[in-house]
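K.L.:
Sequences and hints are given; from them, build the entire structure.
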Amino acid sequence: MVMHSSEEKTEHRSGKLVMDQHEISRALTRVAHEILERNKGTEGLALVGIRTRGVYLAQRIVRRIHDIEKVQLPNGELDITLYRDDLGLRKGQPTLRKTSIPFNIADLKIVLVDDVLFTGRTIRAAMDGLMDLGRPQEIQLAVLVDRGHRQLPIKANYIGKNIPTARDEDVQVFLDEEGEEDRVIILKAEWGGSP
Amino acid sequence: MNLKHKDLISLATLSAEDITLILETADSFKEVSGRDIKKVPALRGKTVVNLFFEPSTRTRTSFELAAKRLSADVINFSPGSSSVVKGETLLDTARNIEAMQADVIIIRHPSAGAADTLARGVKSSVVNAGDGWHEHPTQALLDLYTLRERKLQFKGLKVAIVGDITHSRVARSNVHALTKLGADVRLVGPPTMIPRGIDRLGASVHARFDDALREVDVIMMLRLQLERQSRGLFPTIREYSKLYGLNADRLKLAAPGAVVMHPGPINRGVEISSDVADSLSSVILNQVSNGVAVRMAVLYLLSGGN
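Here the protein sequences come in this chain order: E and Y.
Counting in my numbering, the first sequence tops out at residue 201, every number present.
Counting in my numbering, the second sequence tops out at residue 367, every number present.
Just so you know, the hints here were simulated from the structure itself, not pulled from any lab data.
The beta-carbon is built from N, C-alpha and C at its ideal position, and this holds for glycine as well.
It is possible that some hints are incorrect.
Stated by the list, open to error - Here are the in silico distance ranges between beta carbons for each label pair:
no.	chain 1	residue 1	chain 2	residue 2	range
1	E	72	Y	139	57 to 63 Å
2	E	134	Y	325	23 to 29 Å
3	E	194	Y	137	49 to 55 Å
4	Y	243	E	65	22 to 28 Å
5	E	187	Y	346	47 to 53 Å
6	E	137	Y	349	27 to 33 Å
7	Y	122	E	134	45 to 51 Å
8	E	110	Y	314	43 to 49 Å
P.N.:
This is the structure:
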């Protein structure tokens, strides 16, 4: 998830559409195939979505993998709030939600799933969070959108779409699970600063 | 939603929403306490000071554990080892601690109002861990959290708080919070142990235990402070136990599935019989383990944001 998501912004619903419902659907199907191809099947594989939108995307990918391979992969939800490096720098506390990973991650190949890959700080926090839960054999990363501007040396294994952006632009992902029509838009952010 | 307070001094000043936020946040920390590695880096680099002017191993340890599970650095001060014995005032002690870059000061003090005085005098967040007969907000919050686990909602919940209400800061904090959340609170105890005017807080007052027990969902027993017995607030411990002690027979008067709570330490056979304290109705040990999660939530919420 981007560090500055819709919760901090004034109501923006307009902006340049960069992915519509069909494009998101096709991208997730392709990511599901790529995950299977890279891992040579589903053996020892599990998906963990980063709250909130990463969870929905992980569930969609799990369903697609089920459609393709007829295998139901373990699927968990990770809240990275306690691993963020900006507590106290923000105006208010980020909302804390529960981590729910109902399987032992030790020795599994975990595919972390998030909506937007931006600075890389969320993914660093997620990897720290995962490591505290056990020792996975491998961590891979799947994102719907890679918008660039990394502040940490982190690279995704599976990318729905590369969307080059300016620093002062913002990428927002809307999903059906949140009562919105599936779409990704790009807009000029009001905050304009660095996270 | 944010906790818009610098300090946690009293539940009287918190809204129902604030209380709910703390309880919901504690849920996440309970999950952390259930892991193999019970530690998260949320308060890394922060310093938490335990300033205990009264002995309390249980509460101090619970706060210390909560702070350590959040990766904060913890310093313990007790009056015996500080300059208080040399005549330093509370505020001077606190300002010195603050000058050591303390982010949160947790204070227990025998005088009501000490935590509030401290909070007004320092920039650090202050958590009241019990001030005189005034309040003990985190104990009440962990009671509420434990109740929420068992009973799911507070609205309409019938709760009896039994014992020495006058000298109980836990009872006072619980009355504030439970009435705010919509529970029906009944206070039970010898008339000498019920402060005048407490019914103004929205609780009903009962002298007869058996009457007040009917259909209650929760029985919150208070510790009988035996050290106060010399002041003649009741004739004998045996009589107190007969009139206000909770035993298996009495428990049958309450609603089916009623929950028994006690802030500890228990005087077995005085305010509560051993069979009840160890029964399935008792959530006394759950209260202790939930205490760490609730205190983690409080420290986290007070430390987050500017």
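K.L.:
It remains to establish, for every hint, whether it holds in the given structure.
P.N.:
Now for the hints, and whether the structure bears them out:
1. E:72 x Y:139: 57 to 63 Å: holds (59 Å)
2. E:134 x Y:325: 23 to 29 Å: Violated, since residue 134 (chain E) and residue 325 (chain Y) (Cβ atoms, about 36 Å apart) do not stay within the stated range.
3. E:194 x Y:137: 49 to 55 Å: holds (51 Å)
4. Y:243 x E:65: 22 to 28 Å: For residue 243 (chain Y) and residue 65 (chain E) the Cβ distance comes to about 36 Å; the hint is violated.
5. E:187 x Y:346: 47 to 53 Å: Distance hint for residue 187 (chain E), residue 346 (chain Y) holds at roughly 50 Å.
6. E:137 x Y:349: 27 to 33 Å: Check passed, 29 Å falls within 27 to 33 Å.
7. Y:122 x E:134: 45 to 51 Å: With a Cβ separation near 27 Å, residue 122 (chain Y) and residue 134 (chain E) fall outside 45 to 51 Å, so the hint is violated.
8. E:110 x Y:314: 43 to 49 Å: holds (46 Å)
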